[in-house]
Amino acid sequence: MALHPDRMFSSPELSIILAERNQTMQSNAIAVQIYQLRKTLGVVGADTWLETVRGFGYRLVVPQSDKTPPSSTAHGGLHETP
86 MALHPDRMFS
96 SPELSIILAE
106 RNQTMQSNAI
116 AVQIYQLRKT
126 LGVVGADTWL
136 ETVRGFGYRL
146 VVPQSDKTPP
156 SSTAHGGLHE
166 TP
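So for the sequence shown, the numbering used here puts the first residue at 86; every next one is plus one.
None of these hints come from the bench; they were simulated from the model. It is possible that some hints are incorrect.
To be verified - Cross-link-like lysine to aspartate or glutamate pairs, in silico, DMTMM-like; alpha carbons within 25 Å at most: (1) Lys-124 / Glu-98; (2) Lys-124 / Glu-136; (3) Lys-124 / Glu-105; (4) Lys-124 / Asp-91.
With these hints in hand, go ahead and build the complete structure from the sequences.
Listed below in structure tokens is the structure:
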């Protein structure tokens with residue numbers, strides 16, 4: 086989801102991604118994984134970034150101001166000297 090922000094992922098698609106090869110997860114297992122992910126994101130105040138798309142699945146919506154790092158910290162705040 087982080088590689089494709091704003092893209093909607095269906096529950097069956099997520100079950101294939103999260104499950105081991107050639108297996109799927111039950112829908113309640115997906116809900117548990119989403120709950121845990123929201124809980125983890127909540128630690129840094131980003132729990133609202135994971136949206137439920139009713140009747141389809143989920144998507145990660147990163148606020149525009151958080152998508153690009155500030156120019157002063159783009160290289161970890163370090164400046165090379167010639």
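Here's how the hints hold up against the structure:
{"no.": "1", "hint": "Lys-124 / Glu-98", "verdict": "21 Å, holds"}
{"no.": "2", "hint": "Lys-124 / Glu-136", "verdict": "13 Å, holds"}
{"no.": "3", "hint": "Lys-124 / Glu-105", "verdict": "23 Å, holds"}
{"no.": "4", "hint": "Lys-124 / Asp-91", "verdict": "20 Å, holds"}
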